[in-house]
Structure formats: structure tokens, C-alpha cells
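Trainee: Protein chains in written order, with our numbering: chain A, 1 to 379; chain S, 1 to 379; chain R, 1 to 397; chain P, 1 to 397.
It is worth saying that the hints were derived from the structure and are not from the lab.
Don't take every hint at face value.
What the hints assert, rightly or not - Some chain R residues close to chain S (C-beta under 10 Å, calculated; not the full set): (1) 145; (2) 271; (3) 272; (4) 274; (5) 276; (6) 296; (7) 384; (8) 386.
Keep in mind that this is a model prediction, so the values were computed, not measured.
Beta carbons are placed, not taken as given, at the ideal position from N, Cα and C, and that holds for glycine.
Listed below, chain by chain, are the residues.
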Amino acid sequence: MDFSYTETQDMIRETLSRFLADTYDFDSRNKMIASDSGRDPGIWKALAQDLGMLGAAFSEEHGGLGGGHLENALIMEELGKVIAIEPYLQTVVLGGGALKAVGGAIADAVIPEIIGGNVIIAFAYAEPQGRYNLANIRTTAKKDGAGYVLNGHKGVVYAAPWATHLLVSARTGGSGSEANGVSLFLIDANTAGIVRRDYPTVDGFQASEVYFENVAIPGDALLGDEGAGLPLIERIVDEATVAVCAEACGVTAKLHSGTLEYARQRNQFGQPISRFQVLQHRMVDMFMDVEQSKSMTTMATLKLDLPAAERMAAVSACKAKVSRAAKLVGQNAIQTHGGIGITQELAIGHFFKRATMIESQFGSADHHYERFERLTLAD
Amino acid sequence: MDFSYTETQDMIRETLSRFLADTYDFDSRNKMIASDSGRDPGIWKALAQDLGMLGAAFSEEHGGLGGGHLENALIMEELGKVIAIEPYLQTVVLGGGALKAVGGAIADAVIPEIIGGNVIIAFAYAEPQGRYNLANIRTTAKKDGAGYVLNGHKGVVYAAPWATHLLVSARTGGSGSEANGVSLFLIDANTAGIVRRDYPTVDGFQASEVYFENVAIPGDALLGDEGAGLPLIERIVDEATVAVCAEACGVTAKLHSGTLEYARQRNQFGQPISRFQVLQHRMVDMFMDVEQSKSMTTMATLKLDLPAAERMAAVSACKAKVSRAAKLVGQNAIQTHGGIGITQELAIGHFFKRATMIESQFGSADHHYERFERLTLAD
Amino acid sequence: MQLEFSPEEIAFQQEVRTFIAENYPENLRSVQDEGHDLSKEDFLSWHRILAKKGWIAPAWPVEYGGTGWTATQRFIWSEELAAADCVGTMPFGLSMVGPVIYTFGTPEQKARFLPGILSGDDWWCQGYSEPGAGSDLASLRTKAVRDGDDYVVNGQKTWTTMAQYADWGFFLVRTDSDAKAQEGISFLLIDMKTPGVTVRPIITLGGEHEVNEVWLEDVRVPVENRVYEENKGWTCAKFLLAHERTGIAAVARSKRGVEKIKAIARTEQDGDRPLIANPFFKRKISELEIDLTALEFTELRSLAGEASGKGPGPESSLLKIKGSEIQQRITELALEAVGHYGAPYFRGFGEGDNEHPIGPDYAHRAAPTYFNTRKTTIYGGSNEIQRNIIAKMVLGI
Amino acid sequence: MQLEFSPEEIAFQQEVRTFIAENYPENLRSVQDEGHDLSKEDFLSWHRILAKKGWIAPAWPVEYGGTGWTATQRFIWSEELAAADCVGTMPFGLSMVGPVIYTFGTPEQKARFLPGILSGDDWWCQGYSEPGAGSDLASLRTKAVRDGDDYVVNGQKTWTTMAQYADWGFFLVRTDSDAKAQEGISFLLIDMKTPGVTVRPIITLGGEHEVNEVWLEDVRVPVENRVYEENKGWTCAKFLLAHERTGIAAVARSKRGVEKIKAIARTEQDGDRPLIANPFFKRKISELEIDLTALEFTELRSLAGEASGKGPGPESSLLKIKGSEIQQRITELALEAVGHYGAPYFRGFGEGDNEHPIGPDYAHRAAPTYFNTRKTTIYGGSNEIQRNIIAKMVLGI
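Extracted from the complex, chain A is given alone in its bound form (with noise of 0.2 Å):
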């Protein structure tokens, strides 16, 4: 067992914290959620080449730094401590995650350009009807000559709006929630026949429903084997399920030393309300909330690689716990700040709201406590 960090992960998470305090304070990134785009496609460059950050959970033959989900998970709880809304967990965590486990030459061609800063992947997966179920997908993709016809809607496709690519799930067979005949596709964004309506979200992104109307992918577009492709997205939901409670421990820890500091300055009767006993003792559980979190999301990184049903379990027992302290600390964040809390104008009420977006991302702690007992407690 070793629980330390090498010297390379140091500097990768130096050199991105230094990045993004300089880059993502709490006006800039109301700019750039307000710009027409809501985004600053600058950063997303400036990640990819000047700091080499996008490249930091590749291998090094594919250009990267040779890391993975410890490096994926560091970047993500520096991310959160900003509420950055850079598309690092669905481009790198899911579309780079998938790229890595099928290999080959789509891997070979597309990771060197994630690593550039020229793709940008958003992950349709989810369908009005299907809520935390995977394998519960109208979409169709239907097989026509050397390629496949995609017919259906995705709903809440974060970063769909910005993506270069789109990771979709599809049906070539079955139907229901079978796990039999679920495929994964890597396509072009720009394809004919996808229609997007694009919105906003209450956390900050960008996202669309995203309509596939006939709409022709080559045969190539499909990751690994057809029909077979459910393994595959559960392994990646399940990597960037960590990655998300990951940026959760950002933004959980924020949102405590936010409350911790709000608390020492604010004085009420005479004193400053960090001296009452009972708001004392609620920062302490969100302290022990975050420090369990940072706890939950190390144990399940360390075991992203193990057998499917292992890694479930881990994975599931971290989303459960965190999605519970994401609830916590954000709710008693926003009660000792008061009314100020729930206002627009101060950062704490924006972390707020990322923490509870996090909170059902991937599915809720009860989809995750279900999911964890039918792995380890049979009947």
C-alpha cells in the first residue's frame, strides 16, 4: 500500500492550480458562462499546449505524459475548485477513456488531437425514459452496407454544443434495458441529420438534446465490437463517475474553507459567527464530509482497474458517499451564509449549485447504494 503522490503528479496539479487561479476567478468565469458561446475557447488551448494538461492521463506513446486516473482525478478536483466548466470529463475521462480501452487505429487517431486541443467529445448517452440505466436506450443504430443508420434522442448532453465528436450509444439489436445489442459510436458532430437544441445549465455548461434523424456513420464510427458495447460504457461511466467525485472533493472543499472564512468575518450579536457552537460544530461535519470524500475518491481510483464487479462496487460506494456530502456541505454552505448565499453575486451559491448538479450526475446515491448491495448483498 502507498497513498503518496509521485513528483510528476506534484507538478501536474502546481501547474494547473497556478493556471486556473490565474485564469478562472469568479468574474471571469461569469464572463465567459455569459459570452456568446459560454465558454473561453482560449483555455481549452492554453490547457492543451501551454501546460501539456490534456495530455497528462495518455500514454506517452499517443504523445501523453504517460498517466491515468490518478492524474484524471487530480485534474478533476482542481477543475472543481474553480467550477471550471472546461469539457476535460467528457472529452478526456469518457471519450479519451473509450479511445484507450479499444485501441487501434480510431485510438491512434484521435487521442494525439484530444491531446492537441482539437476535439472536444460530448457523451450522449441518456434518454428521457432511461434516468441512471445504461443499457436503457431507444436510440437505434441500424446497419446499412459498411455503416449504420442512427435514428432517436439523447437528452442532456453535456458539452454537446462545443463537441467536435459525439460518443453516442445506440441499439444495433435488442431492446428494453438488454445489455445484449448496446453499441458505442465516436462520430462527427457535424454529421447530416443531427439536430441539437442547445441550453444552458443550471451549473454553469453548456448542453443540447441532441436528435439523430437518419443520420449515416461509417462502419468505423463503432468502438469496439457491435451489440457488445454495454461492458465498455460501464467501465467508462464508472471512470468518470470517479472523475466526477474527483471534481466533487474541489468543489466540496471550497465550498467549506468559503464557509469557514464567510463565518470568521461575519459578525452577528456581537461576535463573529464562527464562534457559535452550533455553527462551529456544521463546519466541523462538512470537514468530515469532504476529508471522507477525499477518503471515498482515492480508494475508488485505486480501483478502477480491477475485475468489473470490484470495480462497481468501489464505484458505487464512492458516488453514494460523496453525492450524500456534495448534499451537506452545499446546503449547510449556503444556510451559514444566509441570505447573501443565495444570491447570484457571490461565488459560494455558484459552487452550490455545481455540488448539487453532482449530486444525481451518473446517478444518486440511492441508484448507487442500489447498484452496491445487489453487487455484495445477496439475499
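Since chain A is already given, all that's left is putting chains S, R and P on it; use the hints.
Mentor: Okay, now just chains S, R and P, sitting in the frame of chain A:
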């Protein structure tokens, strides 16, 4: 709508409260429990003959005061305030309730004896495999001429060592948890073939494992119709459940007031611990749970005569809430007392033990939430 | 004790039900169903119908325009309003300054202000909180200095709900700077059109414009607009806070909220079953429902106490605490129910948007409402303050 | 970072496992299985086996009898002990006074006391709490007055665990009455057979005799039995408290506790299914299990911090808080699981009872254990005190 007590009800409460204050102080209670029989039979006699208390919930034609559920509730609440170990619940609420429901010759014969203090009834309904499912019964009553023969094992029968009569649920037909085939009998506790293993309970009562070994009982021991006893059992158990909730109101009120009193006297770090905000807010939370328990018990008491489905939903709502309150108030009373709270030396620990047993008596919070949902929240 | 309504009460219930069915504005219903924000006129349309009927202020004494209903009738009334999902009336005039004026005001003040509150012609707002003083109301710094027959008021108020629409505001101001804390405060009624009054929007987390900052610069207020004695405004404030806390339990509204959650949970799918069949989601509903029953019967017991002569006391803090927590849990559950569709944000800052929202109709306001409802445990005296009040006033510690 | 054990660590794990399997006393196992109380000899039999093997004090420095194991090895060790359901060793010598003596004691004290702690020949108890001072340790009143080469000690201690068996006790006493609070306290080692020492049982809610009052009347204690400087005993006390809190997380033991709950829940029936199939009971288990994982990895991170040079700091309060809460939840769940059979009480006051218990074997201690385990959030510095410590020492508020 009207939430006021009648003058008679006020009088019952005052009389009983005064009597218990004189007879049921902590030391006296300890002595009763430590005595050979585990009780002081003189108290029961006095309740019956000096105070007329055992007739409060019976009709005037049976020699009672003409009351009902409200009288049971307020008597149980007063008993709870001194954690009395009198078999009122078993004898009057359960036994008396069954007799009032079926009426006829057996009611005319036994009720006056209950009121006079000559009969003590124990309710033998639970079985080791059955948990809180009232229909899950393996004890059999086989027709034998004009009578029945009982065989089986009833577990944790409170008050059985003191009882003159046993109220017994048994199968005259059907199996498993079937509704049909359940019958209810009131039998002489000294009938040949009844074997008891007696023991004290953690909350100060006496109880028994009761084994029926070819116990021949007369046909008129049957209450109501053969095989159709379940609705009757459900009804008296609902009445008893609300009575236990009323007792809980008394128990938790004392846990709360005792904690307040202790916190005002106990000094730590140079001041009474009642000055620490965290403990203040905790005592407020206890207060709110006590108040809400009273509200729910009032609600459920007033709904006991509604049609079964409404009655059951109200009773389950009440018990679910009161069970949780009993836990919260009990645990926090002990925590606030610190070490002294977990010794036998202070009354508070004994209130805590009774509160703990009340949590699961006639079904835990989970059991009652589930029943409430079955009745009111169809998919 | 008994729970049943009397025949008279049942007749009353029927009367109320019929009245609502026949008089509730149709266009208001459709604005609500589509989840749009209500305009000032939306609120006022229903207010005016009730005012015309004479049912706008059931809690007021009859002499000032109340209905003379019993506590049970008032209970029935709020139940029926909630069951029919009627919009609430604004509390600032009817539940807040109105009772202060008829309790503490001069005959002239009553004559001048009560009719406008009842008719809806005067829209009121509340100038209590200040940037430096949240729950610590008594530390307020807005100053009123006597100058002839006027006070000259200077200072800043915040969290002033709906001030953007207000004709009048009731303000707590400091009239004696040497007195400490709660002493030296006066209760002033200020015409919001007076020169020197500036209202600036505060946008809250869900993007709503509900609250405002109110700046007061050399605002001249006639002394005759002071309610009760100079430097004794705290008496009015305390009285009002107790009144506000009772209404804040919002049992009837929360009941309606729980029903909406159930409807959503029957529509939303969770794998191959409706969400309501998920035992844990169902449990959260049943917990809410049962907690709401506990709150309801606690309120009824408290009303019964009031009917028998006791005014709303510090126990009303219990109603505020539990009521606000339940309101928050309802919005939390709604957000949980809508799954992915809690994320889309479809609303400008303070402006309406006529495009069709993303996802189901019930989804697009779930997150903003959840964010916004965090306020219920903060305003009207935060829940921490309420617990302090119970500790001190009820438990005596 | 990596989670896997190295080949050496796997070999160590195997060695430990084999040792336990071959050496754990058979009779101890059967006493445990039947849920009986353990006698002094029961505890000591396992202690002596470990002492003989040299594995009795893994956390001690090698020079004083420690094993020289790495943090990972110590982790493996406690995991294996728990997995095999071994009884714990008494902490008073090994985890409490032992470290104080080897850290602050004189060479003579080390030579005199450490061997007896390791061998088990000396049974220790802790004289800290006093009737008037619970969590407020520093307010203690037991006095030690210097008289020649002795202190003369007078006072009363309480909550002294297992003092009925103790040969020696370590006591906090006041040696300077004028100094305030934490100043003026000294740390004394007292032979429990000294005239004037009286031990009286306190019976706790479950009927156990675990704790005692200790009365000290003119007890003469040689000055050489004072550890560290006079009036500086608080330094030892603080050091010891931090040590105690780490052990108190009890992760390995709680893991075993969760496994027992699962076994019970697979046996107990809930209607027509085993209790573990009840989704809500199952959820409570999974919540426990996941919270325990969080605690475990928090402890591992903290151990890794220690390994890299940081001593156990105030973060250990987190381990105490969460560890004790989990222990309580385990007993709560056990009581819930046994249903009706939580009620029978089958035990004299402090005496054994050889009759077969009522209900299943796992049931009859459920309620007493639940009652008794309320202590874990009270002793070793109550959880309220631990939160105060984190607020002050970690958060700086």
C-alpha cells in the same frame, strides 16, 4: 373539530397522576422489579378499587366510566411518565378491547372482573418466525368436540407470569401468513398443558415464552367467528399501538424534562451545560419530537374508529413517527447526561430502556412506514 | 375531542369549494400550469376577487374587515385554497403590516391604510433586514432623525421581497442611536415613491428577481406615519415576527406540493417501473407526508390553544422550523425526481421566456425552485434563531 | 499510489493468519460464541500467547518491545485479528500508560513497568474522570500533597474501567491547587493494593460491571511513581488522549460487527423473506458498510501521513467521532434485527447465568450491548468535545 378534554378526562388524569407520584417513585419501582413476582400487586388493586381507573375505558353498563380510546391514551401517557410496569396495556387495551369488540356473554362476564382488578390478561400473539406480521402464525387450534386443542409456541408474552388469562391467536385453518383461518381465544392461564418459561425484560416487565402442549380449551373461549379473527386482532393491535404511542409521549416528555433539569445543574468548563448552544439546540429538537409525538398520538387516537384502511394508515403514521421520536429523544437524553446516563443508578437510563423497547413494540418504524405506504401510496 | 367537522362546517367547506371553482381566474390557472412567473397583475387579480367577496383577510378582527370565521373555518379555508392550487396572497400587507396597524396604529392610520391593504390598491413591502444585520435584527443601522414634522431617513435595507412592485413599505429604523440593541427602534410606514428611495434588484440562485436592496437617502417621512411610540418599534416587530412564523408553516401549500411530487413520481420512469415504485423514493414521500401530518396536527393543537385564549407564542417557532424544512424537502424531492432534466436552465435574468422548456413541464423549474427554497430556513428569523427562541422562551435555558 | 500488498506483505498476512489459526485459545472461542462475559483470565490467556510471540505491542518502538512492523503490517494485523474475531487486548497498559511511560518516563520507570505491561502480569486501569468533571478533564479535584518522598492522595475517580481487576492505575491528580485548569496536574502511577484505595462497582444499563468508582483516602504514593515533571501531567494526558482516539476508530472490529449483522439478517425472517431481503434493512447495512470504508480509508490516509513523519494529530478526532457512531449503529441494527427477542433480559447483576438464553444465541445480548455502547460517544472525550477540538485545532475557529 375539538381538541379539548372533558372534565371527567381531566379528573382521571389528575387522580392518576397524583396516585403515581405517591406510589411510583424511582426507588419504589426498583423494589417492585427486584421483588419475587417482579411487581407490586397492591398497585393494581388500588388502581381498580381505590381509583376506579381500570373502568375508565369501559361502558357504564359494564360498570365502567363510559370512556374509550381517549381514556386509554391519557392513562397510558401517565403510566409512561413513571415507566410503570402495570399490565394496563395487555389487560385493558388489548384484552378489554377484544371483549368490547365481540361483546356478548364473555364480555359481560370478564369485563367487570377486569374493572375490579381480578383479571390480568396477557396477549400471546408473536411467534419466533413471525416478526411483526400478525397473520404469520404456526400455533394451531384444532377442533376437538365442542372445544379446541392448542399446540404451539408464543414468544415474549409480556405480563404472562402475572396473567389469569391468555389472549391467544392461533390457526384453526390456513397456513403461512394467510388471513383466513386465524382465530382468537381467551383462555384460563392455568389450563393444563400450558408451559411457561418466565423471565424479566430489559425494560422492567416480566414476560414468558409460552408453549401449548395439547391444551384443551372450551369452545366458548373463541372470540368472534372461527377463522375470521384477523381483522379483530388487527383492530386491537392498532388500539394497543396507539396506546403505546401515548405511553411514549409520557416517557419521552420525562426524558426531555429530565435532561433539561440535568443540563441546568451540571457544570462543565465553568458553566451549566445548558448554556452550550449545541446542547440547547439538541434539547429543542427533543422538544419538537415530543410535541409532534403528542400531535400524532392525538390524531391517531381520534381516528381509531374510522374504517380499517383509514385507521391503519393513521396508526402506522403515528407509530412510525413516534418510534423515531423515541429513538431520538432517548439517545440524546443519554448523550446529554454523559456517563451517568448509562448507569442503573439514575432513572433516566430506565426511561431510555423503555423508550427503546417502545420503538419496536407492535412494529418498528420501518414496519409501519411500509404498512402506511401499502395503504396510501399505490404505484 | 373530535376530528369530524360539524354540519355547519361541512356546509361552509362546500361554499368555499364552490366559490373557488366559480371564481378562480382561468388565465391564472394556465400561467401556473406552465410554470411561468406570476406578474403583479396575476397576484392582484385573485386578491381583488377575494377582496370583493370580503374573504381577503380571514384572520383580521371583523371590525377591520375580517370574516369572523372560527379557527376551524380558517383551517378549512386554507385547506381548500391549497387543494385548488390557488396562488397565495402577498403577506406583507395582509399578514404583516395590517395586523400591526390595527393593533398598534392610530385611528387615522387605520383609516388611511387598512382599506388599501384589503383592496389590494396598496402593495406593501418589508424593510427589516440590513446588509450588516441578518438574523440579528436589533443591530440595524438605518437612521431616522427628527426634523420638524418629518423624520429624515438614511440607510440601506436588503432582502426586500417584491419591493419592485411596492407602493408602501414598513421599515424598522433607529431613532435613538445611544440606546442599545432593541431599544431606540421605531416602526415607520414609507411611501415608496418618496424622493430618495431607490430599489435595486438582487438576483437569486434560480435567476429570480424576488428580492431587492432598498436605499434610503434623506427620505422625508411624516411623523404621522410612525406606528406606535417612538423608540418602541421593537414591540411591533416582535408581534409581527410571531404572526409571520405561524403563516410560515404552510401546511396546506406543502400538502399540495407532496401531491405534485406523487404525480411526477407516477410519470417518471425508473428503469422498468415508475419512480414511485422505487421503495426509497416512495419512503421519502411517505416520510414527508407523515411529517406533514405531524406538523398539521401540531398547528391544529396550537390553533386550539389560541382559540382558548392564548395568542401565538414562541411555540410557533416549531411551526416555522418544521414547516420550512418540509418545504425544502419537497423541492429536493422534485429535483431528485426529474433526474437528468433538472440540469437544463431555461430562463433569462428576470425576464420571461416563451420558448417551450426542455424536458417535461414539471422539470424545468425543479432546480431553480430547489435553489430558491433554501431561503425558507433563513428568512423570517433563521431556523438557528428559532431554535434559540425555543431554548430561551419555551425551555428556559 | 497503489492499494495492492507487496509480496512481502502478502507473506506476512499469511504468517499472521496461520499464527492465529494455530494459537487462538479454543475455550475462548466457545465463550465468545455463546455470548458470555469474558473473565480476567479469558482476556489474559490470549494476551500471554501474543506476549510470548512478541506480538503484543505492534505500535511500540522496537527498543521497548514493539514489533518494528510498518504501518501496512499493523493494518494487516488488526484486519486479521478482527476477521478471526479475536478478543481485544486491554488498552490501558498497551495503548495508554505504556506509550506515556516510554515517552515521558525515567529509565527506572521504563524498566519497572514496561515488562509487566507486555507480559500481562500487571493489569492497568485509568484514573481520569471524576464525578464533577466529565468531559471537562482539567477541572479535576483529586489532590496529591507532597509529604517527604510520598504524595498523599485524596479524592474520587469514576468510570474506571476494569478497575476491579487492576494491579496498577495511572491517575491524574492536582498537585498545585492555586494553578488553574490544566496547570498544576500531575500524572501518578498508583499500586491498587495501597491502603486507602477502594474500588466500588458501577452497574451500567445492560447490567454489566465494567466500570467502577475508585476512592482514594490518604493513599501514599512514592514520588518516584510520578511520570514526567510535577504539575506537567497535562502533557502526558494530552499525548495519551490523541493515542486513545486513534485506536477508538475500531475499523477492523466494526467490520466484523457488520459481518455478524449480515449473518443475523440472513437468518431472521421478515414475513416470508429473510430480513436481509428487506430493502430498508439492507440499505442500513450498505450505509454502514460504506461509511466504514470511508472511515477505513480516512484512517489509512492518516496512517500514511504518520508514516511520512506527522504524529497522530487532531484529525484523529474525526476517527473517534465516526468510529464511535458506527459502533453504535451496529448495535442499533443488531437490536432491530432480533425483533421481539431484544426484550428478554437474562442476566444477574454482575453474575453469570448458565441457563440457556431466550431466543436465538445472537439475540440475548443485543439490547444490553446497544445500551452499553451508548458510552462510545461519551468516553475518551465526548463527541461534542471532539468536535470542539476539530473546530479549534483544525479549522481554527
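Trainee: So, against the hints stated earlier in the document, which numbers end up violated here?
Mentor: 1, 2 and 3
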